[in-house]
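Visitor: As a plain string of letters, each chain reads:
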Amino acid sequence: MRADWSIYISFIGAGLVMLLPRNAKNLIRWTALLTGVAALTVALTGYLAYNLWIKTGNAGLWQVINLPWIPLLGSNYHLAVDGINYPLVVLNGFVCVTGILFSWNIEERVKEFFAFFLTLIAAVYGVFMAMDLFLLFVFYELAIIPKYFIIAIWGSTRKEYGAMKLVLYSFIGSALVFIGVLAAYFAAGGITFDILELSKHPIAGHIQVWVFPLIFVGFGVLAGMWPFHTWAPTGHVAAPTAASMLLAGVVMKLGAYGCLRAAMLLFPAGFEYWRWIIAWMAVIAIVYGAAVALVQKDFKFIIGYSSVSHMGFVILGLATLNVTGMSGAILQMFSHGVVASLLFAVVGRMIYDRTHTRQLDELGGLRKALPFAFWTFLIGGTASMGLPGFSGFVAEIQVLIGAFQMSPWLAAGAAVSIAITAAYILLALHKVFFAEEEHVTGGGHGHGEVVGESRWNLPGITCPEVVASVILMALLVIVGLYPSIMLDMIKANVALFPGVAR
Amino acid sequence: MNYLTLFRALAPEVMLLLAAFVALTFDLLLQHSHELQQRMRIAGVFAIVGLLGAIVLLVQQAPVTLLGGTLVVNQLTVIFKIVVVALTVLTVIISIEYPVGRHVGEYFATVLFGAIGMMLLVSAEELITVFVALELTSLSLYILTAFHKGALRSQEAAVKYFMFGAISSAFLLFGMSYLYGVTGSTNLREIAVAIQAAGSTPLLVVALLFILVGFGFKVAVVPFHLWAPDAYEGAPTPVTAFIATGSKVASFFVLTKFVMLSFAGMPGSAFWKHLTPGWTMLLALMAVASMVLGNLAAIVQYNVKRMLAYSSIAHAGYIFVGLLAASVTGATSVFFYVIVYALTNLGAFGVVTALSERVGGDDLEHFDGMAKRAPFLSLLMLIFILSLAGVPPLGGFFGKFYLFMAAVERDSVNFGLLWLVIIGIAMSAVSLYYYLILLKHMYVHKARNEERLKTPAYLNLTLAAVAIAVIYLGLNPQPLLALLKNFVAQL
Chain C
1 MRADWSIYIS
11 FIGAGLVMLL
21 PRNAKNLIRW
31 TALLTGVAAL
41 TVALTGYLAY
51 NLWIKTGNAG
61 LWQVINLPWI
71 PLLGSNYHLA
81 VDGINYPLVV
91 LNGFVCVTGI
101 LFSWNIEERV
111 KEFFAFFLTL
121 IAAVYGVFMA
131 MDLFLLFVFY
141 ELAIIPKYFI
151 IAIWGSTRKE
161 YGAMKLVLYS
171 FIGSALVFIG
181 VLAAYFAAGG
191 ITFDILELSK
201 HPIAGHIQVW
211 VFPLIFVGFG
221 VLAGMWPFHT
231 WAPTGHVAAP
241 TAASMLLAGV
251 VMKLGAYGCL
261 RAAMLLFPAG
271 FEYWRWIIAW
281 MAVIAIVYGA
291 AVALVQKDFK
301 FIIGYSSVSH
311 MGFVILGLAT
321 LNVTGMSGAI
331 LQMFSHGVVA
341 SLLFAVVGRM
351 IYDRTHTRQL
361 DELGGLRKAL
371 PFAFWTFLIG
381 GTASMGLPGF
391 SGFVAEIQVL
401 IGAFQMSPWL
411 AAGAAVSIAI
421 TAAYILLALH
431 KVFFAEEEHV
441 TGGGHGHGEV
451 VGESRWNLPG
461 ITCPEVVASV
471 ILMALLVIVG
481 LYPSIMLDMI
491 KANVALFPGV
501 AR
Chain E
1001 MNYLTLFRAL
1011 APEVMLLLAA
1021 FVALTFDLLL
1031 QHSHELQQRM
1041 RIAGVFAIVG
1051 LLGAIVLLVQ
1061 QAPVTLLGGT
1071 LVVNQLTVIF
1081 KIVVVALTVL
1091 TVIISIEYPV
1101 GRHVGEYFAT
1111 VLFGAIGMML
1121 LVSAEELITV
1131 FVALELTSLS
1141 LYILTAFHKG
1151 ALRSQEAAVK
1161 YFMFGAISSA
1171 FLLFGMSYLY
1181 GVTGSTNLRE
1191 IAVAIQAAGS
1201 TPLLVVALLF
1211 ILVGFGFKVA
1221 VVPFHLWAPD
1231 AYEGAPTPVT
1241 AFIATGSKVA
1251 SFFVLTKFVM
1261 LSFAGMPGSA
1271 FWKHLTPGWT
1281 MLLALMAVAS
1291 MVLGNLAAIV
1301 QYNVKRMLAY
1311 SSIAHAGYIF
1321 VGLLAASVTG
1331 ATSVFFYVIV
1341 YALTNLGAFG
1351 VVTALSERVG
1361 GDDLEHFDGM
1371 AKRAPFLSLL
1381 MLIFILSLAG
1391 VPPLGGFFGK
1401 FYLFMAAVER
1411 DSVNFGLLWL
1421 VIIGIAMSAV
1431 SLYYYLILLK
1441 HMYVHKARNE
1451 ERLKTPAYLN
1461 LTLAAVAIAV
1471 IYLGLNPQPL
1481 LALLKNFVAQ
1491 L
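Just so you know, the sequences run in chain order C and E. Sequential numbering of the first sequence, starting at 1, is according to our numbering. Sequential numbering of the second sequence, starting at 1001, is according to our numbering.
These are calculated hints, taken from the structure and not from any lab test. Because the structure is a prediction, the values reported are computed rather than measured. Treat the hints loosely; a few may be bogus.
In the SDA-like style, the derived pairs of lysine to any residue whose C-alpha atoms are separated by at most 20 Å in a straight line are [as the list claims (entries may be wrong)]: (1) E/1372 <-> C/108; (2) C/25 <-> E/1299; (3) E/1446 <-> C/361; (4) C/165 <-> E/1472; (5) E/1372 <-> C/361; (6) E/1372 <-> C/107; (7) E/1485 <-> E/1472; (8) E/1440 <-> C/160; (9) C/297 <-> C/361.
Using the sequences and the hints, build the whole thing.
Guide: Here is the structure:
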């Protein structure tokens, strides 16, 4: 089946869910799940086929569909896949399926939740596959609105504030992109929005210098680029679990992907001009995000800020403009997508939904109460630290090598964060899962007086949670131990990127 | 020139006139024997039949120029007359359930008179006819605004609307008289030729200034917008819808005609770093003021109709950006946007009409928890509001995109008009805030009373059709766009 069916299946699924009676909650859940699985299957089979093709020494785009859409503008309905976006398409599929599984316990307005969720998923598929700037922009903006409702209706801490902040940041980012897109369109002659066609039209250097930052920063806002990242922690914390997973796991990648596909491809001269500044901003994000995560008191905020830090690696990798660094960046997008989903699932679904608190001081001793959550967090956390054997290691080491080739100072700066990351993950691990006896004196929401194991009396981990966690952990390990399943296609296509150093 | 040609060319307008009289007469006859609700339905059906008949006549019309270019019928005017008639049909449909008092026949007749004015406005290419058509439209709307006989705010709104409108008409007439004095003609095309030949004189600038002020009032741009929030809030909601859509479509159509025919050769520039006094600069300033003020003022409103009034001021600002591009693309984008905007707004006001009557008010908090109480209409409102905010894949998004594109295209080498686009886009981001506030009330807030609201099926279906049109124009704008662009050449 053609890769674009992932988009249509998700849209159809959203429509189907809308038509179901609102009280048939299980039917709605299963419909959503089957939709997600079907879309993932389409993506995954295509991915494996493409991988085989790569293994035989090929590289390049696979056209999916290319029809005239608005000929008056020169905009085509053009979708295509290659080694750069296929890992992200697959990532979206996995986060969708696991997100639905982790949302199994939502009881309120189930129908609307899954309708919004699947619409968001469909739009994200669209962004990743679009090869027409106008089409990409349409999908990109379409992805903004469902997030608002998902967070504002089903979220937690300061949900309306977090939702509005996120949406306005995204919209302002896309406004910058909009201006850049128009400028690029006219600077290239005003005949086509097709990214591949546009990239063949050289745009005058003095225009590139000011248009590039518009588009890069516009997309960068969504990628959590420092100093435009402040929506990310508040948004992630306010969101319900599935939305946090999707936000950190996939939506932030939309931004980074846009930076790569639109800004860097179309404005090589502008990129060259701003490259060093971007690289240093990325290093600041990496260290700053990690340092701030270290001092958080709210478990979810730790993961939120760690996302800023890890997305910094993506931007840094892109800025290196060499095959190693950029491949690392793309792999990091995938890897962080999985890690962040897993960690948000532990925090939001497994812990918060049961204990109704995320304060580190009030948690503690959950290792015995929720052993599965403990092991999941251990694996996710270790992957987040970048330990060998997990995908994060392969990704970050390549980014660091790439950055080293650009400047050893960049690599050194970024490497500092690895130690900090280890510190905040271990600290959280200690406070949440161990450290029981020290904390029982406080009045933690009525649990305080009880001592020892009986302090937590929590419902067990459910089957959907186990399945979803196992899927995500398996991905981390598979890509960690056998990176070439993803890295080969990334490298082959990054090498085709114009202006990339070997 | 014989009367038969004249009659044929104006047959759709005559049709509406007949429908208006039939509605009046029948209502007079049924006044004592029927319930108010039944009379509303009967008169409404007469009006709708007349309007549909007008559409049938419009579709068959052949291009013709009447009375030496006073009235013109061509494909473009036919399209716009169909739009006006369609908007009137929708207005009538959302009026049927609305309590407009006991003067039922008068209400529907006045709506039809307004529609006739708008249709003539679309056809007119001569100053006096433009003025007469504009007055017919405006007077009908003043009367309609006051139709809430019992409500003080309806009366206040009507008086305010009338005062402002009368002054703006005076400005317009004054400007037109100067224009005639300078060029020696009242025909728009002859005026254009005369301006080309004579070049700009101070008197001409004064004339254009006054005409712009006059139209500025009619389409409610800053600083001539003050009547709009009160009139929108005070008028019966279906009338608000009519003011915000039908009259805007017709006014913008004729304004675009003025710009394209008469102003285009005039001096003045709105290009960044090359700002020179003239009509484009004036339009640019009005556009900026409308976009900024309209959007910022909308944020603090607690009444939905008032909020939509400020939002419509902002939208007039966006449209001005396309207008001052004064190119074929610019005119096309204005036409496309006006059509989409009118459909969207009519839909939004339609939902407000249907719901506010049932919950007893049109403040934001009356809409709390609507998603649960009226899920279908709430979904439609979601579509309309997001289209107003310019979110893809809805018509409003593409319309706005194309407007701004037209502005950039005007000077695509130095990006002279990009500054306007930047302000417009920044203000769109602001507008998303208050649109989301409304949607938040509908979707996020809990209702104090969770009782389901029943709305008549015909209303739901009509509004759903409007929503589908809005979505369709966003997904596939090419056909309408190509059509309009093709016909703009006929201007």
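Visitor: Does each hint hold? Answer for all of them.
Guide: Against the structure, the hints come out as follows:
{"no.": "1", "hint": "E/1372 <-> C/108", "result": "holds (12 Å)"}
{"no.": "2", "hint": "C/25 <-> E/1299", "result": "violated (37 Å)"}
{"no.": "3", "hint": "E/1446 <-> C/361", "result": "violated (33 Å)"}
{"no.": "4", "hint": "C/165 <-> E/1472", "result": "violated (30 Å)"}
{"no.": "5", "hint": "E/1372 <-> C/361", "result": "violated (39 Å)"}
{"no.": "6", "hint": "E/1372 <-> C/107", "result": "holds (15 Å)"}
{"no.": "7", "hint": "E/1485 <-> E/1472", "result": "holds (18 Å)"}
{"no.": "8", "hint": "E/1440 <-> C/160", "result": "holds (9 Å)"}
{"no.": "9", "hint": "C/297 <-> C/361", "result": "holds (7 Å)"}
Consistency note: the structure conflicts with the earlier hints numbered 2, 3, 4, 5.
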